[in-house]
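Can you join these two chains into the complex? Each is in its own frame, and there are hints to help.
From first to last, the protein sequence lines are chains A and B.
Going by numbering that gives the first Met the number 0, the letters in the first sequence line up with residues 0 to 943, in that order.
Going by numbering that gives the first Met the number 0, the letters in the second sequence line up with residues 0 to 303, in that order.
By construction, these hints were calculated from the structure, which means they are not laboratory data.
Watch out, some of these pointers could steer you wrong.
[Stated by the list, open to error] So the derived label-pair ranges between C-beta atoms look like this:
1. A:Leu26 / B:Thr222: 44 to 50 Å
2. B:Asp176 / A:Leu26: 55 to 61 Å
3. A:Leu26 / B:Glu194: 43 to 49 Å
4. B:Thr113 / A:Leu640: 44 to 50 Å
5. B:Glu194 / A:Leu640: 37 to 43 Å
6. A:Leu26 / B:Arg281: 42 to 48 Å
Every residue, glycine too, gets a C-beta built ideally from N, C-alpha and C.
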Amino acid sequence: MGAFPAIAFGSPALLAALVLLPAIWWLLRFTPPKPRTEAFPPLRILLSVVRREETPARSPWWLTLLRLAMAALVIVALARPVLNPSPVAIAGSAPVALLVDNSWATARDWDRRRDAALALIDQADQAGAPVAVAFSVAPANADVEIVSAEQARDAFMAAEPQPLNGDRNAAFARLLAALERLGDNARFGLLAVLDDGLARDGEFDGEALQRLAGADAPVERVLWYVSPIDDLRVIANAGNGAEAFDVTLVQAESGGAEPADIGAFDEKGRQIGETTAGFEDGEIAETGFEAPFELRNDYALLRISGQEHAGAVWLIDENSRRRRVGLVSGETGDQALPLLSPLYYITRALSPFADLVEARTGDLARDIAEIIDKRPSVIVMSDIGTLPDDAVAALSTWVDEGGVLVRFAGPRVAAGSAEDPLLPVTLRIGERALGGALSWTEPQPVDAFPAIGPFAGMPAPKDVSVNRQLLAEPDPDLADHTWATLTDGTPLVTGAARGKGTMVFFHVTAEATWSNLPISGSFVEMLRRVLKLARTSTGLSSGQAEAAALAPLRVLNAAGELAPPPAQVKPLPADKTTPDIDNPPGLYGAADGFVALNLMNADVTLAPLSPPQLSVPVTTASYAPPAESDLRGPLFFVAALLFALDMLAVLWMNGLLRSRPSAAARAPVASTLLIAGLALAMLAVPGSARAQDAQPNDAALIEQASITRLAYVKTGIAATDATTEAGLRGLTVFLRSRTAFEPGDPVGVDPATDELSFFPMLYYAIDASGPMPGDEVIARLDAYMQGGGSILFDTRDQLSSGLDGSGSAENQRLREILDGLNIPPLEPVPGDHVLTKAFYLLNDFPGLHVGGPLWVEALNAQQAADRPVRSGDGVSPILITGNDFAGAWAVDDQLKPLLPMTSVDPMQRMYAFRAGVNIVMYMLTGNYKADQVHVPALLERLGQ
Amino acid sequence: MAAIGQRVGAVPHHDALARGRLRASLVPDLLIEARRIVSTVIAGWHGRRRRGIGESFWQFRPYVEGETLARIDWRRSARDDHTYVRDQEWEAAHTVWLWLDESPSMLYKSAPATVSKESRGLVLTLAMAELLARSGERVGYPGLQRPITARNGAERLARALATVGSGALPARPSLDDVRRHSEFVLFSDFLDPVEETLGLLQAIADRGARAHLVEVADPAEETFPYRGRTEFEDPETGMRLTAGRAEKWAEAYQFAYMARRETLRDHCRRLGWSYIVNRTDRLASEALVALHTQLSGLLHEGGR
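Isolated chain B (complex conformation) (with noise of 0.2 Å):
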């Protein structure tokens, strides 16, 4: 009987080359795969103004119904009969984290997924690289790479990602460069002990920033479809665990999982942030546009 999960990209930890490589064959292909994600996102955006976050005025525009009455020019509509929204001048590029996690549990993929949790973080991570370069943010990688604004945002932050050893990046984000009012997007399975998650999400929240928390999860882990007897095996620590009767664990298992799913997503609502979960059964897109939508809210009007 096939086993329900496999580990994808049998590389060692310590094998930096092998990995280097893996990457850079990787990447390219994502790259296309994530420009032609980003293209149906921005193909949603249509009427879209050059406006955004700054001091100075840019145009009076007609209010259109449905937009938030904050936004509303009492002074200008008082003189006509018609209401007007005041628009900014899009002044000051905003400066949006990302950051993959490359612990070796994200190389797994399981019968029903499509792809490992790795691919797709890489998938999402260099998207909304494209996105956000496009759209003009800074786009920055803790520990690789600084804020900048470049139209091929994305191919550097591929080419980065695949010239830099594995090793070479830390397990956690280094958030030296992180600022005030920057964004910080985080790629992981979250798998991690809860508390850690939590420390690092603190961490964030000391410097300023917010964090928007990707989960990529497997259909595997999620519904725990395993039966009999089975040997469990951690790709990160190297754990085995037998279980007799793997059934018998199912709900427990289950119950752990959602529990440690809704610790975060409470922690991010308390806080205002978002967290979003894309199973790699799912599309990818489906993520990318939730993403999008939770961060460009924010741009628009966070910075008002």
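Just chain A, with the same shape it has in the complex (with noise of 0.2 Å):
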């Protein structure tokens, strides 16, 4: 059988009337195409003006030789033609033997190859020849029968593709153990080889080759179908990088270089990610799905388009997934301060990315067994300077079974012991500041990162400088252990290989105070990449790690569809890297924690199969195409084209085309309006969406966030609310004068929908004629000072009733507040509080009236008695007045007092400006002050 196609014809006496044709021609070539006949008397005239036209008695040639095509095709599709190869006949009541090849690659057309041999099997049948059917991909123990083809026909209709590699030379060797059954000198009068095309090693070698290729062959005769592989494609490897989801594609060295579409889909079968892989170069494509981090940990399957077998399939498990990592922080007691908290940051950078799993007592012992009984892939210590035994040598284990341990400096880690046995270097003892009043040197910048370690490649983040680190012990191995330097050469990442894991080191803290590494974006990228050391997971749920095998979750078929997994599927045994017939292609394990086995592997090649050089005669075929190509449906539509061409050929001659010329002129430009409108509709569609960007009040955000200002809450009493801006202006006025604070107009807030975050304190006069503030406005309010900010409450009664007595309104009002707050232990503000000396030296806080304490978040009393001044972290977040502040320092435009003061001291409102200066020192400063005062002893011992 040669290229040629064969044709059959259903009902082949049509094809007579081909005959026909020439009369069909000559009744053609005398019937023209009618002209309209029109009686014309003044002829002569038309005559003396036009040239004699050529006067066709006959159809043009081409209008006859294509209404004449149109008969042919008719009668040909007439006579209906089949494409339809002639099948080689078998001869002779020999055994017949058949070796099939099952394997993946034949899921593509298992349909044809299924015909083609079960058209042998028919001419077996019709020879009465026995069969035997022999296939690739078989149990170990299968045997092949010499039966009749009947059977051999019921045998072959219940075989399926299965998505492994096949083996041709066991399934020779069983037909040849059938063929001995059979008798001495039985040989088989055909050997068909239905092979998928792909050669492997070994092939044909050995005894079955040899016994074919001898002169005593088994086999008289061999069919050889040959099966192209040029459009096989395989996915070869797949892994998460560090930038995209990594695919290697293989094909054969003959297969072309159109792209190859590959999906991504998730476990329910939905596809979330599309790339293409070119074949420019070959064999092998690389590609890969540039998505999301957490998107691609979405994947579960990745699938070539097109390609329906198992080696366009790959399945993913939980080792290129997200990780789980556990946090462990030193100090659980400042979470009350998000943007103070150690993990802040590492939560926000990881959150993203992995499931976070942090530690709740606060007893280290306990919370890392707890930590490392969820099994994470990394653990994040933030300062954590000496860990209890039991959690070191739980740790120690944990590292050495491949777990990640990532490490923060901080004062704890500095003080701690220089052997740690978690630490990737040794450190030495204290820390090592840089910049600062009594230092020379410069807060340190972060230089390129060193080729080793899992930095390598990334950019050196500009904006990030240090100011506090750790140092390492010089060692003659420091340099391979370190991950990332500054500028001078000092290691600020080390991390080092400990058993299957690793140890990482920051050697700065976790929050931005010794650096703004952590603010930086540089940060999340570099704890992405620490993420990605920990690629494999330490092991499944621990019931399932001790199991010496993993159950069939769901298997691949050959076509290359997950479905559940049949009867005969084993539990695949920890090591087993490769699928056979026991364990197919697919998931194993639990729904919640599963190993993919694929069948490819990394160094797979396609190389075509070519038929081996035998002694006996071998005949080359190929598969059936699709038995029942009809042409009739081709040709008939080919002859209502020529129809068609016919209409207008008839029709331009009559010159019927050109009598609505508009109509066709119009349309083209019909079509470039609409085109260039879609297009404009498109190009406006990206501009409106770049609009939804900008919020409406960006304009008022930046103004209040770019200078710092005193601002107050607004009651809602516009009284109230004039007296409370006049006051702040006297006092922003008075500050500017006398400080060198210089702050910005006073702002009014409403708490219910203004940003609060930018004013580092809100001064709250309350008026109980005001609304009561909703509950929501409350949270917000509580939700400031959480967050760091200060309110100063300021009930203005003392004259009338003061804060010891409970009847005043305004009182009454400040406590339903108050009772939503989460307020710490009140106390009058005491003498040596570091109010009373943040500008000024003062006693009391005195107001537009006189006498009402100032009440301030309770300092613990475990200070030296003999320091001069109680120094506490933070700023009291609410101090509570009577005194009416802003009453006092209320000025007109002209800055002369607006209200008068109700004592006759005329100090008094000096008094009450200071009071004001040292509050807003006391917010913006904190307890620098207190500090301060150890300045003259500092100097004394600085002077010698």
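Printed below as a string of structure tokens:
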């Protein structure tokens, strides 16, 4: 059979009608396209003006040809032509052997293979020959019987392609074994090899090939079906890389260069990614899914579109998924202020990519045991100096098994032991400060990342500077462990392998106190790369980790679809990485933790198989195209096309196409307009999408954030608000004239709607006649105080009742408000509070009224009694007074006081202003002033 | 698609009998119609005196404004304050020859036309004969009827036309009996080559007669409304011509057609003759009125 496809006719008698073609030709030839005949008396005048045109008495030859072709096509189509290759005949009753590949590569065209095989079996049936069928993918103990054609047909109909590589040698050996049972001199009349086209190592060598090539070959004739593999493509490897989900595709050497589309599907079979691999370079194409990290974590299966076989599918298991990260912080008490929490930035950086598990109790031994129980891939410890022995042992075991331990520096690590086994390098005791009033060094930026370590290739962060760090002991192999350095060469990040795991140490704190690394974008990328180190999870859930074998969850069939496992699939031994008939490719394990067993591996190649040289005659054949490729449809279609052409030609010859030229001219114009309109619409869409980005009050927010201001809470009562604003304006003027702080104009805010985080302090004048703020307003005020802001409540009722008496309406209102707030314990400002020394030395804090105390957060009294001032961390989030500060500060446009004081002391207004200055300074500088009281002693020491 | 023009009176040239019957059946109707048209024409002539071309005095009558000054009798007018015109007695009848082209090209009628060209020509001929007969003119038909004066001139002409065979009359009128000062009215489509027509006119002019040409034209001949692949057939010669795209020829054809007409019209104008075009989609009386005006003006003025 050559390259010429054979054509058979369903009713060949109709072809006799082709002899009518000359008659049709004769008819057509003398039947011109009928012109309209018009009697026209002035013909001689017409003749005088026109050149006598050729008056065809017959159709143009091409029109005749067209019509003849049309008639011939119709006749041929009526004869029902069918493309149908004539099968090879089987002669004699010698047994027929079929060696059938049912590997994964046959899944694409299994129907054609089955048709070819069934055609052979049919012929054997007619010839009365018994048949033996051997499949290349079969259990090791499979047996082949030489049976009647009828049984062979039934057996073959039940066969299916398998998602595995076939073993033709074994199949041939089974055939020979069946032959031997038949008798000593038995030979196969015909050996038909229906292979998958893929050459494998050791193909037809050894005994099998020798017997075939030898003089006493047990077959008389070999029919070799050639299967092209040019369009076969498989996924050889895939993995979650740094920037993309990398995929490697392999095709045969003779494959085309057209790109392959690869789709990524999640666990529910929805396509969530797509990429294209170009085969410009030949056999291997590499590409990647460039998608956000968290999206790539959802990939469960990759598939080459258009390739319906198991080789074009890559299963993805937990090894490519997101990791679980355990967080341990040494300082559990500081969680109330989120921006100062040591784990805050780590949480923010990691939560998109990892499941976070945090320690809860604060007891390190219990926490770490609990976290390790949850089998995290990474444990991040922030500033933990000394660990309990149990925890050290547990962590060491966990790291040895493959965990990644990431530690951050801090004061506790600096004070810890130098020989910490869970640090990659040996640390110097004490920290190193860069920059500051007492240092000549400058804060150090980060140098370019060295080529070793996970950060290689990352651009050096320009915006990071380090003020403090922990130094490593100089060591010969320190450079080998240094993953990031400062520009002076000191390590910023060090790492070392330990067992199967890795230890990473950041020489700065995890919050922004020692450096601004945690608030830079590089921090996120660095943590992501560290996460990459924990590629392999430390195991499945603990119950299965000890199990010797994993139960099949879902297996792949030859067509590349995941299906529930058939009964014969056995559990997967833990160390088995190649699929076989017992463990076909698929997912093994439990639904929440499984291992993917893939058909392909990275070094797979697709080599075409060529028929071997044998001593017996070898005939090559190709698989039958679909048997019923009816040609009637195409023929009738072509005939109809010709008919349409004929109509057009006749119309053209009669000049009727010209009758409406304007309509034809308008159509392109209309379509052009349509296309232009569509293009404009598409251009407009991104424009509107960009506009969504801006918020309506951005300008106001930028204005408020660009300069520090005093702010007050609007009560809703116009007179009160006006007085408050005038008071803050007076204080602002006073601050500008007396201090280095030059605030902007005061602003009134509505806590229900306005952003509060721009203001260090809110002045809240309580007015009982105003509306009670709602719960959500109080919640926002609470969040503001938790976030580091302070509110100065002023009940302005000192004269009427004072805070001690509970009668005043304002006092009642204040209590209602404070009911919804998280208020620390309060106390009147003690004499040694930093408020009394923040700028002026004050004994009390008068306002319009005198005598009312100023309430602040109570400091713990553990401080040494001999210190001149008590310092606490942070600033009191709440101050309460009844002295009406704003009334005392209030000035008019000419800076004249607005309200009279209730005291005769002329200095009282000045004291009120000084109290305001102290309060503002306290808000802005915190406990700094408390430290400044030591300055004389420090200077005295330095002076020597 | 229906053809625009058709041949009517599908009578072959040689089939004299059929053509005679056609004539016989056609003429009475035409005669009646001709009389009807004539009566409308005469109705426009109120106040026409019995005066005409002649030598003897008939009457004086007062000058009516608008009459040509040449007709004022100054001697009589000098005798009183009025101005008089001298009328002559109508002494001699005028001889008017009528001739209708009977070539097959006249047997044509297109869709917009109401009648065929031959039908229109016959109507005009007989109507003119009726008109002239009423006026007492001598009406003749070359080769068929000598000039006679008879009240029933139209009937007699129609009878003569009906009885004579088609082949009996020559394609060109015989001018043997045509004398000087006679009028010769030709009804034809004048589609013969213009040189032939001019030759005929020259012969008429040589006889000293005046000619009045009435071109009976079909609208399709004038506007050439053909499109697309069209085969044209000349009913006169049987010649065929196939046009692939007939509309491409329209402009050149119309130019040639009009050029022929203008050539003939110019020729007539130079000789002081008249040339009237009557399209078969217009009324026959239009041509009749125009022709009558021409003839009457000539009759009244020419003989003085």
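Status of the hints after comparison with the structure:
no.	hint	in the structure
1	A:Leu26 / B:Thr222: 44 to 50 Å	38 Å, violated
2	B:Asp176 / A:Leu26: 55 to 61 Å	60 Å, holds
3	A:Leu26 / B:Glu194: 43 to 49 Å	46 Å, holds
4	B:Thr113 / A:Leu640: 44 to 50 Å	48 Å, holds
5	B:Glu194 / A:Leu640: 37 to 43 Å	56 Å, violated
6	A:Leu26 / B:Arg281: 42 to 48 Å	47 Å, holds
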